[in-house]
Amino acid sequence: MQESAHMAHEVAVQSVSYLRWIPLLPLLGAAINGVGGAWIQKKFGKTVVGSIACAMPLLGFVLSLRAFFQLLGLDPAQRILLDTVFPWIYVGNLAVDVAFQVDPLSSVMILIITGVGGLIHVYSTAYMHDEPAYWRYFAYLNLFTFAMLTLVLGDNLLLMFVGWEGVGLCSYALIGFWYSEWANASAGSKAFIVNRVGDFGFMCATFLLFWSLADAGHPTLVFREITQFAPLLENQVFWGVGTVTLITLLMFVGATGKSAQIPLYVWLPDAMAGPTPVSALIHAATMVTAGVYMIARLNILFDMAPTTGTVIATVGAATAFFAATIGTTQFDIKKVLAYSTVSQLGFMFIAMGVGAYATGVFHLMTHAFFKACLFLGSGSVIHAMHHEQDMRKMGGLKKWMPYTYATYLLSTLAIAGIPPFSGFFSKDEILWKAFSGGHQVVWFVAVCAAAMTAFYMFRSVYMTFEGESRADEHTRHHLHESPMAMVVPLVILAALATFSGFLNVPHALFGAARFDAWLAPVLQHGGHAAHHDVEVIEYILMIFSVAVAAGGIWVARAMYQTKTLKPDWLVDAFGGKLYRTVYNKYYVDEAYDATVIRGTMGLASISSWFDSWIVDGIVNGSAWVVRMISQAHGLIDHYIVDGAVNGVATITSFVGGRVRRLQTGNINAYLFVVVLAVVGVMMARIW
Amino acid sequence: MMEIGLNHFLAVSVLVFLAGFFCVLTRRNAIGILMGVELILNSANINYVAFARYSSTQYDGQIFAVFVIMLAAAEAAIGLAIVLGIYQTFHTIDVDATDSLRL
Chain A
966 MQESAHMAHE VAVQSVSYLR WIPLLPLLGA AINGVGGAWI QKKFGKTVVG SIACAMPLLG
1026 FVLSLRAFFQ LLGLDPAQRI LLDTVFPWIY VGNLAVDVAF QVDPLSSVMI LIITGVGGLI
1086 HVYSTAYMHD EPAYWRYFAY LNLFTFAMLT LVLGDNLLLM FVGWEGVGLC SYALIGFWYS
1146 EWANASAGSK AFIVNRVGDF GFMCATFLLF WSLADAGHPT LVFREITQFA PLLENQVFWG
1206 VGTVTLITLL MFVGATGKSA QIPLYVWLPD AMAGPTPVSA LIHAATMVTA GVYMIARLNI
1266 LFDMAPTTGT VIATVGAATA FFAATIGTTQ FDIKKVLAYS TVSQLGFMFI AMGVGAYATG
1326 VFHLMTHAFF KACLFLGSGS VIHAMHHEQD MRKMGGLKKW MPYTYATYLL STLAIAGIPP
1386 FSGFFSKDEI LWKAFSGGHQ VVWFVAVCAA AMTAFYMFRS VYMTFEGESR ADEHTRHHLH
1446 ESPMAMVVPL VILAALATFS GFLNVPHALF GAARFDAWLA PVLQHGGHAA HHDVEVIEYI
1506 LMIFSVAVAA GGIWVARAMY QTKTLKPDWL VDAFGGKLYR TVYNKYYVDE AYDATVIRGT
1566 MGLASISSWF DSWIVDGIVN GSAWVVRMIS QAHGLIDHYI VDGAVNGVAT ITSFVGGRVR
1626 RLQTGNINAY LFVVVLAVVG VMMARIW
Chain B
11 MMEIGLNHFL AVSVLVFLAG FFCVLTRRNA IGILMGVELI LNSANINYVA FARYSSTQYD
71 GQIFAVFVIM LAAAEAAIGL AIVLGIYQTF HTIDVDATDS LRL
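Residue numbers (the working numbering), protein chains in the order written: chain A, 966 to 1652; chain B, 11 to 113.
FYI, nobody ran anything at the bench for these hints, they're computed from the structure.
Warning: the hint list may mix true and false statements.
[Stated by the list, open to error] Now the in silico label distances, taken between C-beta atoms and shown as ranges:
1. Val22(B) with Ser980(A): 24 to 30 Å
2. Arg1623(A) with Ile79(B): 40 to 46 Å
3. Ala1634(A) with Ile79(B): 49 to 55 Å
4. Pro1052(A) with Ile79(B): 17 to 23 Å
5. Ala29(B) with Asn1611(A): 38 to 44 Å
6. Leu20(B) with Asp1180(A): 34 to 40 Å
Bear in mind the structure is a predicted one, so any value in this text is a computation, not a measurement.
Virtual Cβ for every residue (Gly too), placed ideally from N, Cα, C.
Just chain A, same shape as in the assembly:
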């Protein structure tokens, strides 16, 4: 009976059985290092631990390539590979399998996760070399890879949610990796709690989607079937709002948590407390893009809800802008990159909001390359500077670290949107899609954000690598280029950051938009992906955005290299208030502290007051009544009963003295007695 529901997938899929190993290998690595890592590290050394951990994502990368080429050999409409591992939840009309699915969209994601992830594993072997809990680090890292792969490979919303929660958990564990310092542990908790707020939205959306599909007669959580049956929800209304609009808005709440958008972005800058390769892998290349992936995966629903699209584009533009302004004022090199990540994620959400899903995913990919490279570059700098992260104490590092400098510079050019680097193609396409979709305000805000991006990224280049060294004598003496295991991933990522843009040269530049075409079977429902005529205005906007980026770079150069412009006039503008507000991140953390956290604390103290006055009052009052009655009793007792009782009391006291030894106060002992009693009763029943 239940098997028939299981077989009812109508889309033609090709069954394969190797896909499961893509997520399972990292899980195996996590199990080996998590359970036996301490022993392996002591017995065979860190190299073995590191090799096991690196082998898993790299093998996964090979399998991902295999899946990619198999997809390539199929007809575009048939490009779905499915690996059903086992039936998972079959209750009532809910039927969910543990099944992994590769289609063009997830093939891009798994190549990024295993490819970039594998490079970051290799990098970590050198970066974390002095860490005593080496094995624990790699166990978490592998577990994260497993969770992220489950998120993108799951063929249904529930399995995706397992990955969604799994990456949150690993992110928490890795942010707080050096948990003995209070700030790190609390940054981990903050990330976890803020993410939970978003996850609540995700869960509500899942429930609502399942219910409304069940109402329409097709209860399912499998993506292929959601795509098939979503049009049935067209006219459904829930609490006076279109059901699809409500579902997608709730989904977007989930995405704002995971992908650090306003209002839930606050955890990402604090997440920099974790080791730098973790920031590169989780908080730049993979996990934070989960929200973007989820929207692309459910694009059919988002296409049916134009209101949600407007909300997403607006929130994305606002996030891109505000995060960029904060980025211009930070001095911690990792904080600059963190705000830049928030800002770039905002760009991806602009693309998602205006229905340019393929463009958003393309920016996701190029961003994964250049931002991972930037983070690893900053890690290389921090490694050389003995864990100094303040850019005011750096400067002139290009003399000591030529490879780090070159790769960092290439990636900075990519993120600034200078042609022909990858960021130019992806970011410019987003700007164009926003403009041509009729969102001129969003476009304008995004261009401003792009200009600031160019400015603060080159500011970081100039402050870190150019000019005179501001490091102290001791640090300068020890400056060195990082080892090969760190340089090689940097070089590969920089090459990808430089050239990956050519995968998707737009028609306006006489390209074939291959990346868009590759994703078209998954995202074909979006009308916006259709060909548009090349217009003159597209060229004008393109030149304009490059000019704006160049302007940002020029200002950064004037302020921090040639010193012809003084940053002070900006700092002092509006009596310094504006600068202080931005430098303090618009006091958002303080605002949350004053409202949400104080609110919770306030509720707790009200409850506490209620408990100690009202509840305790009732309890004490009834106790007082009882005492009064007892005193009355006592009088009778004392004179009449006592004599008779004293004899009994002596006996009782004697027995009590013996029995009270049972009252050890030890839970284990009590439980042991409970167990003995249960066994005794069972024995009695059996006989």
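Place chain B on chain A using the hints.
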């Protein structure tokens, strides 16, 4: 491959129960004991769901399991709050050291 039936689920349930039970009996750390209790609750859940799957067409077993999960969550929240309270009073969560209820 061997067909998986009711007895396999019951065997898993017994193993989980024994693991939880052993944990509760031997741990001296209060959080460890709480984790053992969770295991015991989950072994009961496995039983509920397995019996529901193999012996009736109704969902009562699953519904019970959902209730147990919910109760377990509430229990964990309260249990952890108590552990925190114990830690603040005794500066340890070793249950052997917190026996001041004894006479």
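Hints the structure fails to honour: 3 and 5
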